[in-house]
Amino acid sequence: MHKIALIALSAVAFLSLSLEASAQGNLTGEEIARKIADRPNADPRKGTITFVMQYKDRSRKRQARMLRTETGATHRLLLAFDQPASIRGTSFLSYDHKSASKTDETWLYLPATSRTRRVPASDRADSFMGTELSFGDVKDSFIFGLADYDFSSGGRAGNGRYILKGKARNARVAREIGYGGFTAEIDPATWFPRRITFTDPAGKRLKTIAVRKLDKVGASWTATDFVVTNHLTGRLTKVSLSGLARASNANDNLFDPARLDRVSGRMP
Amino acid sequence: MRLRPALCALAAGLAANAANAQTVDGEIIVAADEDGLSRAAVLIEPEATLSVGPAVDAVMSLRFETAGSRTGTGSRSGFSPISAPLVKGDDLRVEIDEFYLSIPAGALEFTLGKQEIAWGSIDGARVVDTVSPARLTEGLARNPRPDRIAIWAARMRAIVGRVDFDLVFAPDPTANQLAEPGAAFFPQAPRFLAGLEPSGPLPPIRREDRGDLIDDATLGARISYRLDATDLRASFVRGIDQDGVPVFDGQRIELRHPRRHTIGLEFVRQFGGVVGRLEAAWTPDARFVVAGSLGNEATEVDRIVGAIGADFSGPLDTYVNVQLIVDHVSSDRQLVRPRTDVISTLRIQKDFDDDLHALRAEWLNSVTDSDGLVRLELSRRIDDRFSIFLAGDIFYGSSSGIFGQYSERSRILSGIRFTL
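For the protein sequence lines, the chains are A and B, in the order given. Residue numbering for the first sequence follows the working numbering, beginning at 1 and increasing consecutively. Residue numbering for the second sequence follows the working numbering, beginning at 1001 and increasing consecutively.
Hints are computed from structural coordinates only; laboratory data are not their basis.
Distance condition first, Cα-Cα at most 35 Å in a straight line; then the derived DSBU-like pairs of lysine-lysine:
hint: 1; chain 1: B; residue 1: K1350; chain 2: A; residue 2: K61
hint: 2; chain 1: B; residue 1: K1350; chain 2: A; residue 2: K204
hint: 3; chain 1: B; residue 1: K1350; chain 2: A; residue 2: K98
Since we're looking at a predicted model, the values are computed, not measured.
All chains should be modelled from the sequences, with the hints used to inform the complete structure.
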């Protein structure tokens, strides 16, 4: 009887351990990607973002004030550039709609033309203001598009992080996002990618984003120090975010594309 | 405002601790055509933005332009009395470029003062973008295009959910600024000279007086609706004909600026990787000179201008913009302009070598007159403040065409641009 009870207890213990392992250790790629997408990201945040682009012996700097908010179904990012003077007044606004049926939207205001323009979705792959980040990298906020990739899990690394792999769903998506796929290390404590290596649509290793520091506002994590290395060109962009704080007084009108010409002096 | 107070105000703005942004933009350009030096110009535009209250900005900028060449600084007669340059010599011009207060009030925003108002979404062609006049001192070969002239105006914008309202009252009948008679880019095509085909010196040209600031004021209203990846806009503009109607009275050509009304529609939509733009404008009281009237009769006609365009990423990481513009007038009588003008435009841009170099190529082509303009520019960034460029403008086609009239003005340009 004792023997049977021990066997039963062992079986129950094994089953519960297996279930827990399944729940925390053996997540599928899709499940990991969804946890990243569902990561709390709704707290309104502001800060000053600095891009330092390095190539050979040259170095350039861009600085912008940042504002992020979320309105239930849409994550919104606003950047107003202050430095250098040649791009002062340039503003960038993106709406990332959570519904897969709605197209994400991006606008750019250029003072030289006095007009706000919609940026085509295909420009997701284009360099963002001369940095090694693409327009897509900037607006995606370290979230992998669930409609863009087929995901798979690579298990867990020695440091406990999940290894997530993604492959662009088709050639058209690969062209649009500029990536054929990626391999990322995901921190299960924050569901934030800490290191992502992208391949280009042809499968060549393209660039690596290494997140060196995260900060939290409310429940939302933000990368405040990361480095983007382009393996094909040798160029490097260091990105830092200073003064990260809750933007509780952010005026919702700032996120209207029709006002993008005036946001430069209005950022909180 | 005279020059000294304007300079003092700007200097105070540039020096003030409260100023949250100061820049000095400028360029130095030289150009040569088949007759030698055609343009030597220096443009300097200091600008200061000051915070003068909670979220209230004051923006002021001046425009210093000097040119000692055949292109010149443009005509002086296009400015209304309140927008007249502070200094308007033959070779030096100083203007208040912008001078306004921007005042947000909840969902409303008021902009009061001398300002540039940019409507429309088609590049380079002013289909519904008819509130601010433009500088046309080099025909359509200017950068930026349109190079708008700021006008004195009171503007109110309001956001109501997905709808934006934009209302403008501008008691400033400044017209488009043309080249001076005799300058390299003074219009030569008969359609711009009351149908005259001058083989010798032109008759004197004068502008109609536009001193009535209220009667000749521009009133504009625009409503915009944004839904998913689509923008819809409707606009109404009542103001002077900024191009002007050239009428010959036997002695001289008078450039008249009758009032006209324009109703505009815009549609902009993101189709995946392409952004499509559609604009249409209907002016029921446009005026054009009747052919065979010796230039002294202008008739009122319906004018409809439609434009369609698209932006997308092209091969080799290029940015591509293509447009087709159709400008039609309904008239039983023969006019000095074609009944329908069809113009296509193509622009390709590429940055390369770590954004050190930029190449821009543009082709403006009149399908109606088989003439056009090809523009090429290669620029090199020295640092974040300075860049140098080498460019070429090639005009071709018949001397009666919009572009072909300058076929002897093809030129190479070089210069330096800066932002400090």
